[in-house]
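Number of protein chains: 2
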Amino acid sequence: MRGTVLYAPGDVRVEDRPDPRIEQPTDAVIHLAATCVCGSDLWPYRGIEPVNQPTPMGHEYVGIVEEVGSEVRTIKPGQFVVGSFFASDNTCELCRAGYQTSCVHREFAAATGAQAQYARIALADGTLVATPGLPDPDLIPSLLAASDVLGTGWFGAVAAEVGPGKTVAVVGDGAVGLLAVLAARQLGAERIIAMSRHEPRQKLAPEFGATDLVTERGDEGVARVKELTGGLGAHSVIEAVGTQESMMQAIRSARPGGHVGYVGVAHDVALPGEELFFSHVHLHGGPAPVRQYLPELIGLIGDRAIDPGKVFDLTLPLEQAAEGYKAMDERRAIKTLLQP
Amino acid sequence: MRGTVLYAPGDVRVEDRPDPRIEQPTDAVIHLAATCVCGSDLWPYRGIEPVNQPTPMGHEYVGIVEEVGSEVRTIKPGQFVVGSFFASDNTCELCRAGYQTSCVHREFAAATGAQAQYARIALADGTLVATPGLPDPDLIPSLLAASDVLGTGWFGAVAAEVGPGKTVAVVGDGAVGLLAVLAARQLGAERIIAMSRHEPRQKLAPEFGATDLVTERGDEGVARVKELTGGLGAHSVIEAVGTQESMMQAIRSARPGGHVGYVGVAHDVALPGEELFFSHVHLHGGPAPVRQYLPELIGLIGDRAIDPGKVFDLTLPLEQAAEGYKAMDERRAIKTLLQP
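Read top to bottom, the protein sequences are chains A and B.
Each residue of the first sequence is one higher than the one before, starting from 1 at the first, in UniProt numbering.
Each residue of the second sequence is one higher than the one before, starting from 1 at the first, in UniProt numbering.
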């Protein structure tokens, strides 16, 4: 099959790779209907995370089940499935508590790389969720978004305790931040402040439900959020970047007693204890347990109640994955969908 | 009047001080029935916090209202009252949300120092809670505990989402940690693991409700908590120290999806973002909004359902405050009650 491999920062190639096969009896192999490039793929692409060896890329996937292992019970060949970046058994105590991304059997779901024609998915029964029948083709981008960025934005909103009557601020205007806006709206937020400096993203945020835009960053951004919230700060803040600046912007934008949900993978972040103590905020986040939300998200997409696939503003054949990375790196694209 | 003043690390004196008087129309002056030395008083006493000028000490108090300002409506002279270390209007949006220690009009409740015969209390109506009639004298230590250490331990337990069926770990065996054990029991915890190395405290913890004792600290303490919780960690962890080691011990003792409630005033703490991200814990804490819990705590004490006054294992006349500090500093006493 053809698959994407990162050789070094900036050097991503599509090449012939071994066809994935069932290795564990709990595996499935899926034929990808669509895949995409994640903001987190840019960390190694930019050299911020090391690239120690040629690495198959991609962890977002939807497609048709081709084959299942002998112990797979509920997932069947021919089903259209969506899954998350971490595999989970979905039966352990942590899974049942809603933390499938901390499953005691957690592993990468698609070790073979999902930016490819086929992928082997671990712990298929616990990881994959089948759609009711084959989806309309125009729904595939939205289902692909559910695989990671929508589920992650959703968890950010849940972790930030978004709900009716609340004012929500979203730090970060990548696909996750934009879909956190969508999640906040679905969860009933009264007011949603999107913090965004980039024009195409500023246009999409209101379509997803943002009521206010703040273009300032850092302390100036915090001051604007305070101005918009009677001096107190937002009830809920969703952090979707993962830097020191964005975390502090999020914490400082929340009111005492407010909730910060953080889903940007933290890079070189150290939170000052004294400031956190006196901020009185709640802090929760981490790798989003997307599996928990997939049934609900698949339902909303099937009902056409939400259209998260709009975050894909560039669609390319898999063979042009390198251009897909480049466009995101240069901020010419919010998110690139790849057609295998 | 006589009052306690800290001149320099280790140098605490009881001396003649001006009698507190009404300064703002919202003030009250109370005649203290009892006061005490707080673990947090030891930070400047030990020189860990700077002592820039002679400082009147003490922020825990119960007593009889002597006089009130012209705008005080609900608090009356002759009432026996309990209050918290921060004054609050108890009417602003943050107070109504339960965060009186982040009240928009927050100030120190007893700027004149509560380790004294009299104290001026700011924002009397919002800060003080009157007991139903004069309490029995033997209840005074417990009511004094409610003023800070009990309310703080209680908030730690609430912030850690302690509840029925949960396993709770408590990091720190000072008065706050011990009363967090008591709070966890009152809030219905199934199992309460007290982490304590000091014998008198190890004896008190089970009396307050601890079901298990862990004497190891740091990584070894974490390993013991994991052993006791099927490898997963506690559902709820209460942190009652405020150091880097204790915060990390608390975070690492909690299971993914678990809750850490931290009430030890943070000193030189920096939380590593990556570890926090993948820990999947909830983090909440800060200066305890004791005011929120006072009516309930006063009720429990009046009913003799709880006996938090047991944390006072040394009682001295106010004149011997210096010995009270010294005994706590040298860990000869858990907490010193001072009789004005």
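To be clear, the hints were calculated from the coordinates, so they are not data collected in a lab.
We put the beta carbon where it would ideally sit given N, CA and C, even for glycine.
Possibly wrong hints are sitting among the right ones.
[To be verified] Which residues of chain B face chain A? A partial, calculated answer using Cβ under 10 Å:
| hint | residue |
| --- | --- |
| 1 | P44 |
| 2 | G47 |
| 3 | F278 |
| 4 | G286 |
Agreement of hint B:G286 with chain A interface, Cβ distance less than 10 Å: At 4 Å from the nearest chain A Cβ, B:G286 passes the 10 Å test, so the hint holds.
Interface hint compliance - B:G47 to chain A, C-beta minimum distance less than 10 Å: Cβ of B:G47 sits 18 Å from chain A, so the hint is violated.
Minimum beta-carbon distance criterion (10 Å), B:F278 to chain A: At 6 Å from the nearest chain A Cβ, B:F278 passes the 10 Å test, so the hint holds.
Closest C-beta approach of B:P44 to chain A relative to 10 Å, hint status: violated (15 Å)
Comparing the model with each numbered hint stated earlier shows that hints 1 and 2 do not hold.
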